[in-house]
Amino acid sequence: MSAILGRTFSPSTKCSFNHSPHDMANNTEEPEKKDEEEIKNGAAAVGETSKHDVDDDHDGHEDEKLSREFSSHSVCSTEHEDNCDEEETDVETDRELEVGPQFSLKEQLEKDKDDESLRRWKEQLLGSVDYAAVGETLEPQVEILSLTILSPGRPELVLPIPFEPNAKGYAFCLKDGSLYHLKFSFKVSNNIVSGLKYTNTVWKTGVRVENTKVMLGTFSPQQEPYTYELAEERTPSGMFARGSYSAKTKFVDDDGKCYLDISYSFEIRKEWPTQT
Numbered sequence: 001m002s003a004i005l006g007r008t009f010s011p012s013t014k015c016s017f018n019h020s021p022h023d024m025a026n027n028t029e030e031p032e033k034k035d036e037e038e039i040k041n042g043a044a045a046v047g048e049t050s051k052h053d054v055d056d057d058h059d060g061h062e063d064e065k066l067s068r069e070f071s072s073h074s075v076c077s078t079e080h081e082d083n084c085d086e087e088e089t090d091v092e093t094d095r096e097l098e099v100g101p102q103f104s105l106k107e108q109l110e111k112d113k114d115d116e117s118l119r120r121w122k123e124q125l126l127g128s129v130d131y132a133a134v135g136e137t138l139e140p141q142v143e144i145l146s147l148t149i150l151s152p153g154r155p156e157l158v159l160p161i162p163f164e165p166n167a168k169g170y171a172f173c174l175k176d177g178s179l180y181h182l183k184f185s186f187k188v189s190n191n192i193v194s195g196l197k198y199t200n201t202v203w204k205t206g207v208r209v210e211n212t213k214v215m216l217g218t219f220s221p222q223q224e225p226y227t228y229e230l231a232e233e234r235t236p237s238g239m240f241a242r243g244s245y246s247a248k249t250k251f252v253d254d255d256g257k258c259y260l261d262i263s264y265s266f267e268i269r270k271e272w273p274t275q276t
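So in UniProt numbering, spot 44 of the sequence shown is number 44, and the numbers just go up one at a time.
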C-alpha cells in the first residue's frame, strides 16, 4: 500500500511486534482508511482546482474579449480624431518651422562683395534682377496672375485672379474621369520669396475630399512672370462624383505670409460644357 501511494512510513508509524495481533490489525486498518480518505480528498481538491482553472480560463477569455473591444474602439476613435485634426496638425507643424532673419535684397548683394566667386554665384542665383532698381524692402511681393487648367484635346482654360463665376456660380466645369493639370503664373518683386507653397482643399457636400500641398520653391524678383505646372491628375468619375464642389486655394511662404486666399466653387459633369 505504501509503495502504491508513493509514501514511506517513518519508524514511529511502524507496527510494533510487542502488540497483539488484534492491535496490529486495528493499526493496519487505520492507515488504510486514512490513505483512502486522503485519496478522496486529493481527488476532490483536483476537481476543485480544475473547476477554478476553467473559471479562470473563462474569465481570461472574457477579459481578452473586452480588451479587444476597447482596443478596437480606441483605434477607431484615434483614426477619426486624426482625420478631424489633420488640418490643424499641419498648421501647427508649419508654425513650428523657424526661419532665419530676413535681409533686404540690397543688403544681400552688398554682403561679401569683395568675394568674386560668391558675387558671381549670387548674380547667377538671382537671375535677371534690375540691380539699379533694387531697394531696401524686406518683405517680398508675390502676385498670382492666373491659373490655367490644361486637359488633353481641350483648349486651355485660363482663370483670371480673382475668379469670375458663371451664371450658376461656378468658376469652371470639368468632365468626370478626365485628365488635367494646373499651371500657375505669378510675379515676384522686392525681395526673394522663400518656400512658396500652394495648398488646395476641396469639399463635396461638406465633406473634405482632397487636401493638396505642393512646395513650389524659392524665387528671386524679376520682371518676367514665373510659370509653374503641377503633375497630371484625373477627375473623379461616376454618378456620385458629379455635382458641385467648393474649394479654397492659398499661396503661402515660409514666413507665413499669404499672397492669395481665394474660395470658389466648380462643377464636375458627365460631359464637357459647350464651348461658346
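Think of the hints as simulated: they come from the structure by calculation, not from any bench. Among the hints, erroneous ones may be present.
[Unchecked claim] Here are the simulated lysine-lysine pairs, DSSO-like style, with alpha carbons at most 27 Å apart:
no. : residue 1 : residue 2
1   : K270      : K204
2   : K175      : K257
3   : K250      : K187
4   : K204      : K187
5   : K250      : K213
6   : K187      : K197
7   : K213      : K187
8   : K197      : K270
9   : K187      : K270
10  : K168      : K197
11  : K168      : K257
12  : K204      : K183
13  : K197      : K183
[To be verified] Have a look at the derived ranges for each label pair, beta carbon to beta carbon:
no. : residue 1 : residue 2 : range
14  : G169      : K257      : 25 to 31 Å
15  : K248      : S117      : 30 to 36 Å
16  : R120      : Q223      : 19 to 25 Å
17  : P273      : V207      : 34 to 40 Å
18  : Q275      : K248      : 24 to 30 Å
19  : Q275      : V207      : 27 to 33 Å
20  : D114      : R154      : 52 to 58 Å
21  : K248      : T148      : 27 to 33 Å
Beta carbons: idealized from backbone N, C-alpha and C, even for Gly.
We went through each hint and held it up to the structure:
1. K270 with K204: Between K270 and K204 the Cα gap is close to 17 Å, so the pair holds against 27 Å.
2. K175 with K257: violated (34 Å)
3. K250 with K187: holds (15 Å)
4. K204 with K187: violated (32 Å)
5. K250 with K213: holds (10 Å)
6. K187 with K197: Roughly 14 Å separates the two Cα atoms, so the pair holds.
7. K213 with K187: holds (20 Å)
8. K197 with K270: violated (32 Å)
9. K187 with K270: At roughly 36 Å apart (the allowed maximum being 27 Å), K270 and K187 break the hint.
10. K168 with K197: violated (30 Å)
11. K168 with K257: violated (33 Å)
12. K204 with K183: With a Cα-Cα distance of about 23 Å, the restraint between K204 and K183 holds, given a limit of 27 Å.
13. K197 with K183: Holds, at roughly 14 Å.
14. G169 with K257: 25 to 31 Å: Holds: the Cβ-Cβ distance is about 30 Å, inside 25 to 31 Å.
15. K248 with S117: 30 to 36 Å: violated (45 Å)
16. R120 with Q223: 19 to 25 Å: Given a distance of about 21 Å, which is inside 19 to 25 Å, the answer is holds.
17. P273 with V207: 34 to 40 Å: Since the Cβ atoms of P273 and V207 sit about 25 Å apart, the hinted range of 34 to 40 Å is violated.
18. Q275 with K248: 24 to 30 Å: Once the Cβ atoms are compared, 28 Å apart, the range 24 to 30 Å for K248 and Q275 holds.
19. Q275 with V207: 27 to 33 Å: holds (32 Å)
20. D114 with R154: 52 to 58 Å: holds (55 Å)
21. K248 with T148: 27 to 33 Å: violated (19 Å)
In terms of the numbered hints stated before, the structure departs from hints 2, 4, 8, 9, 10, 11, 15, 17, 21, listed from lowest to highest.
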